[in-house]
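Below are the chains, spelled out letter by letter.
Protein chains: 2
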Amino acid sequence: MTSFSADRSYAQTLDAADQLTHFRDRFVRPDWEDLIYLNGNSLGPLPIRTQARIAELIDQDWGVGLVRSWDKWLHQPRVAGDMLAEQLLGAASGQVIVCDSVTVNLYKLAWAALDFRPGRDVIVTDDDNFPTDRYVLAGVAAQRGCELRLIHTDMDEGISEESLVAALDDRVALVELSHVAYRSGALADMGQLTDLIHRAGALALWDLCHSVGAVPVELDGSGADLAIGCTYKYVNAGPGAPALLYVRDELQHQLRQPIWGWFGQRDQFEMGPRYDPAPGISAFLTGTPDIMGAVAVEEGARLLGEAGMQQLREKSVALTEYVIALADEWLAPLGFTVASPRRAARRGGHVTLRHDDARQLVQALLRTNIVTDYRTPDRVRISPAPLYTSFTHVWDGLDRLREIAASKSYADIPPEQPLVS
Amino acid sequence: MTSFSADRSYAQTLDAADQLTHFRDRFVRPDWEDLIYLNGNSLGPLPIRTQARIAELIDQDWGVGLVRSWDKWLHQPRVAGDMLAEQLLGAASGQVIVCDSVTVNLYKLAWAALDFRPGRDVIVTDDDNFPTDRYVLAGVAAQRGCELRLIHTDMDEGISEESLVAALDDRVALVELSHVAYRSGALADMGQLTDLIHRAGALALWDLCHSVGAVPVELDGSGADLAIGCTYKYVNAGPGAPALLYVRDELQHQLRQPIWGWFGQRDQFEMGPRYDPAPGISAFLTGTPDIMGAVAVEEGARLLGEAGMQQLREKSVALTEYVIALADEWLAPLGFTVASPRRAARRGGHVTLRHDDARQLVQALLRTNIVTDYRTPDRVRISPAPLYTSFTHVWDGLDRLREIAASKSYADIPPEQPLVS
Chain A
128 MTSFSADRSY AQTLDAADQL THFRDRFVRP DWEDLIYLNG NSLGPLPIRT QARIAELIDQ
188 DWGVGLVRSW DKWLHQPRVA GDMLAEQLLG AASGQVIVCD SVTVNLYKLA WAALDFRPGR
248 DVIVTDDDNF PTDRYVLAGV AAQRGCELRL IHTDMDEGIS EESLVAALDD RVALVELSHV
308 AYRSGALADM GQLTDLIHRA GALALWDLCH SVGAVPVELD GSGADLAIGC TYKYVNAGPG
368 APALLYVRDE LQHQLRQPIW GWFGQRDQFE MGPRYDPAPG ISAFLTGTPD IMGAVAVEEG
428 ARLLGEAGMQ QLREKSVALT EYVIALADEW LAPLGFTVAS PRRAARRGGH VTLRHDDARQ
488 LVQALLRTNI VTDYRTPDRV RISPAPLYTS FTHVWDGLDR LREIAASKSY ADIPPEQPLV
548 S
Chain B
128 MTSFSADRSY AQTLDAADQL THFRDRFVRP DWEDLIYLNG NSLGPLPIRT QARIAELIDQ
188 DWGVGLVRSW DKWLHQPRVA GDMLAEQLLG AASGQVIVCD SVTVNLYKLA WAALDFRPGR
248 DVIVTDDDNF PTDRYVLAGV AAQRGCELRL IHTDMDEGIS EESLVAALDD RVALVELSHV
308 AYRSGALADM GQLTDLIHRA GALALWDLCH SVGAVPVELD GSGADLAIGC TYKYVNAGPG
368 APALLYVRDE LQHQLRQPIW GWFGQRDQFE MGPRYDPAPG ISAFLTGTPD IMGAVAVEEG
428 ARLLGEAGMQ QLREKSVALT EYVIALADEW LAPLGFTVAS PRRAARRGGH VTLRHDDARQ
488 LVQALLRTNI VTDYRTPDRV RISPAPLYTS FTHVWDGLDR LREIAASKSY ADIPPEQPLV
548 S
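Protein chains in written order, with my numbering: chain A, 128 to 548; chain B, 128 to 548.
Because the hints were derived from the structure by calculation, they are not lab data. Careful: at least some of the hints might be erroneous.
Cβ-to-Cβ under 7 Å is the rule here; a few derived chain B residues that face chain A [claimed, not checked]:
hint	residue
1	N166
2	S169
3	T230
4	G365
5	W387
6	M398
7	D417
8	I540
Non-contacting residues of chain B with respect to chain A, defined by C-beta distances greater than 10 Å in every case (computed) [unchecked claim]:
hint	residue
9	E213
10	R244
11	D297
12	A327
13	L378
14	Y449
15	G462
16	Y537
17	P541
Rough simulated footprint, nothing fancy, chain A against chain B, three-plus residues with beta-carbon under 8 Å [to be verified]:
hint	region
18	132-145
19	196-206
20	256-263
21	405-416
22	499-511
Quick reminder that beta carbons are idealized off the backbone N, C-alpha and C, glycines included.
Using the sequences and the hints given, assemble the complete structure.
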């Protein structure tokens, strides 16, 4: 490969060598050419096969099969979970299920973990974790009379081993951390941190929202106890698609989640007098699961698996390296700084840039059909997803950002415009 | 109207006078003629307009609009909730939201209700309530160190005023009851029972799963405090569509639900350090809501509203009266008994028949494309939904049931065949 150049032709050279470029055609995007989509870490695009599966589900399974299709649908949360486990999560089958939201799944698992470690009354997370993680855990801590201990974390570099160790003691029941930080993209060493957590006698719960489908995940290999994650980002399963929930095999019969619903019940349709949790991962279901969403999760995971997480990761690293190189070359003189780890091994699938006018810059890019996103307090988040983003997209997107920043053409946008996504 | 006759021509006469018959064409059912669907109380059919809205959502809003569509989607749980409130629930806007499952919503509201009545440590429900209701409340009671007090209920006639009163005292924080009983179809007097509950100083939480879209509901008028309900039965919103949640206006700022997620947060995208519940009904959201499902709920409620709940109820009563009349005429001599209230005013949208071989009878009907459902221990449940079921369907379905029962043509079906739906 030729060495870095800030010319557009270099992006074209990288694209020409890209083995994954044809996966772009697996998505429904009639106007890809008019759009530069660098926001797959918020909502991934629609795979063609997913569109067909959902249409089949609606038109045939629901429209014609009606209630008779539940024979098949009942298995869908497990089918989707096993597909995620095998293709993306490094987990043996029977440990992942697709249901509810990340928020609800975190609540269930945090509650169960506290029961599993009686006498321990501290939950640990980091103070820059995604809001729903911090909020849910604060709620569980309040309800259980526990302490929520927040690790102070570097907003750009992510959690350090030292700060985690300093937060651990024999009062800690559970540590919940994000594998990839939502703001900076900092990638935690799941195996190493899980070891530290286990040495303190606590359970390790990993939030995979920004890592599933973005970086290889090895749940079984890392010794992780529990995990949750969302499917509408890199898994491309659509707005509000149900979340994943992982419980390590050995723990499944020892943990009891608090929301006792009929889908978690053994012999569900016997409708017996008392709640008796189903064996295995199904005990972590609650109410009737979203079937359309679970079908989309299955297809999204299948597509990523077809490309291969190792190949995707290699391209993802090349893409984020390229974002950083162009940012250094073009954007640093315009007041931007790279607010993500510079070491690829410590970085997930997105890169974040700091700029005083980040909020307006993101809006100005959007006006020209370049989709990135703003994150508080002053960050532009850029996610070049390897399944459908080209190096030329990155070049064109950052070139536009450079123009906008240099010309201050965003000056007409109110700095406090309400945020929606 | 001519007086009842067991001839098929009588069904045809009733159909000819039916003002709602054209609503049947609003559903996607290429083979209605080959199918007698008496199971809308389990999964409703697919409305044509819902099929189109979901396709539009997927192809355009997701496929083309991508993350930019969140500007619109953010409102969808409220939009769907207000549509339900206005068309079906007798509730002013801003009190209903569509999210999560019935199970999760019941958990949230039961927990919040206990906090609202400190010093009270009893939850009351009935011993024949739908399993998820009993299980969720048993879980909440166990977690809160409360008592779950079960009212003994007549399986066929539903809850009595006397049995409710006997269960009430000044320890009761919350009473949760089903408006229409899932097994018998017994319809509770929401206003009267809510009054009794209020006199005891407790909150009244109504499960509307088998009543929303089946009978007129007057949440505001009855004084109900809280409600939950499912949308994939009579609201026809598809498998696993999200549930409804109602909190009476005055209570919204006084109740705090336990699952503190980012969609329940004020200024969600500011991602602040502490959970600060949004004003109004939005505080009862948790994680990212299922958007496809919420769109289907909106359309389902709109379609029912177009027919009008009073008109639907009139036809529904006529249909269930007809089921009972034919059952008395044909089926009683074959070992069936009516296991639903005979007074229309105390009966919801379905009729249940008792028979020793109910499980096999339902399977045998299914082999001939007549869909009913089995409920433990020995019940055939028949739901003639007024939006798409004709009197001739009822005649044909019960005629077949009569044939099957008389000939014992179900004898080859194993009595213990696993149940799925």
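Hints and how they fare:
About 5 Å separates the beta-carbon of B/N166 from the nearest beta-carbon of chain A, less than 7 Å, and the hint is met. Because the closest C-beta pair between B/S169 and chain A is about 5 Å apart, less than 7 Å, the hint holds. Interface hint status for B/T230: upheld, as the beta-carbon distance to the closest one in chain A is roughly 3 Å, under 7 Å. Residue-level restraint check for B/G365 holds (minimum Cβ-Cβ distance to chain A is 6 Å; threshold 7 Å).
The beta carbon of B/W387 is positioned within 7 Å of a beta carbon in chain A (closest approach about 4 Å), and the interface hint is therefore held. Look at B/M398: its Cβ gets to within about 5 Å of chain A, closer than 7 Å, so that hint holds up. Annotation: interface hint on B/D417 holds; nearest CB of chain A at approximately 4 Å, less than 7 Å. Hint status for B/I540 relative to chain A: violated, with the closest Cβ pair at about 16 Å, above 7 Å.
Annotated as non-interface, B/E213 keeps its C-beta farther than 10 Å from every C-beta of chain A; the closest such distance is 23 Å. Every Cβ of chain A is farther than 10 Å from the Cβ of B/R244; the closest lies at roughly 16 Å, confirming the non-interface assignment. The claim that B/D297 is not at the interface with chain A holds, since no C-beta of that chain comes within 10 Å of its own (minimum 25 Å). Distance check for B/A327 against chain A: the nearest CB is about 25 Å away, which clears 10 Å, and the non-interface claim stands.
Every Cβ of chain A is farther than 10 Å from the Cβ of B/L378; the closest lies at roughly 19 Å, confirming the non-interface assignment. B/Y449, annotated as away from the interface, keeps every beta carbon of chain A farther than 10 Å; the closest lies near 22 Å. With a least beta-carbon separation of about 23 Å from chain A, B/G462 lies farther than 10 Å from that chain, consistent with its non-interface assignment. Residue-level check passed: B/Y537 sits 18 Å from the nearest beta carbon of chain A, beyond 10 Å.
No Cβ of chain A comes within 10 Å of the Cβ of B/P541; the nearest lies about 15 Å off, and the non-interface call holds. Figure legend: the region 132-145 of chain B, annotated as covered by chain A; annotation inconsistent (0 residues with Cβ-Cβ distances under 8 Å, at least 3 required). Proximity of the region 196-206 of chain B to chain A, defined as three or more residues with a beta carbon under 8 Å from a beta carbon of that chain, is established by the 5 residues found. Closer than 8 Å: that is the beta-carbon criterion, and the region 256-263 of chain B has 6 residues meeting it against chain A, so the requirement of 3 holds.
Only residues whose C-beta sits within less than 8 Å of a C-beta in chain A count toward coverage, and the region 405-416 of chain B has 4 of them, enough to reach three; the restraint holds. For the region 499-511 of chain B, the proposed coverage by chain A is satisfied: 3 residues have a C-beta within less than 8 Å of a C-beta in that chain, meeting the threshold of three.
Hints 8, 18, counting from the list given before, are not met by this structure.
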